[in-house]
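S.K.: Construct the complete structure from the given sequences, taking the supplied hints into account.
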Amino acid sequence: MVEPVSTKAQLDREFAELYRTHARDLYSYAYYRVGNHHDAEDLTEQTFLQAYRHFERAQRESDGRPLRPWLLRIAHNLAANHYRYRSRRPQTTLDDNSPLEAVHSTEELVAGRDELARVLDAVKRLPDDRREALIMRFALGMDNREIARAIGRSDGATKVLIHRAIKQLEGVMALAEAGG
Amino acid sequence: MHDEERPSGVEPLLERLFAPVEPPERLGARVEARLQSISQLAADELDGWELAAMRDPRNWVRPALAVLGGSAAAAGLVLLGLQRRHRAGRHDDSHSSAQAGGGSGR
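Protein chains in written order, with the working numbering: chain A, 255 to 434; chain B, 9 to 114.
No lab work stands behind these hints, which were simulated from the structure alone.
Treat the hints with caution; some may be incorrect.
Said to hold, decoys possible - Just a few of them, taken from the derived set where beta-carbon distance is under 7 angstroms, the chain A residues facing chain B: (1) Y281; (2) S282; (3) Y285; (4) L303; (5) V373; (6) A393.
By construction, the Cβ of each residue, glycine as well, lies at the ideal position given by its N, Cα and C atoms.
M.R.: In structure tokens:
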């Protein structure tokens, strides 16, 4: 009789720990993904609500592996739904409302930091999946295996995805430099 | 490990570009409030359930799910509430200990 209660209490404590540990990662991902604080809060909130619903099973099946990719997978799917919904209701494009520009002030981008401005411009032109992989790599510091689990691709496909994203950025940067 | 790609000039720029973003303080409270509303909906569903309908076993699934959803959400409330109280307690502790000129917090 006592054991299930203590197990439940332990589960709740572990979920609280999960929240504390990953709230910033989830929010960073959401922010760079959806482009504004309002939607980022919604996405982060929905992610944790879904996570709580399936937390016990996720723990059981994780076999001791970190749960961050699982959380990001939830957020990834919710963000995809968000974009599907928005595509049916034409509003502003990502380019009109870039979270990257919001984070980096015009001053920072202009005042002798041409490289940052160029890479910002190049990132905005990346296909969605490449940009998402870069968010996970550089905003969250995830490795290829974690990213692969989060976006539902193989390790190899993820490695290629990131490699191509970086190559594409380097190409755009080189062209910009050559062009003056 | 990030040994799959050689470091390039772009990568340090990407690290600067994708600086982590702190969630707003209110986010924890928002999650807690949503869990509370789910819990309340589940309770309302049980309140509104007519006992007569319970004679048919086919109708047992819905209230059972409401109970499960409600208890799960309520538990979530507790854990996030504890987190906030813990934080508030720490704040109070530090505030009071600063006023008292020290003391041991938990």
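S.K.: Which numbered hints does this structure break?
M.R.: No hint contradicted; all consistent.
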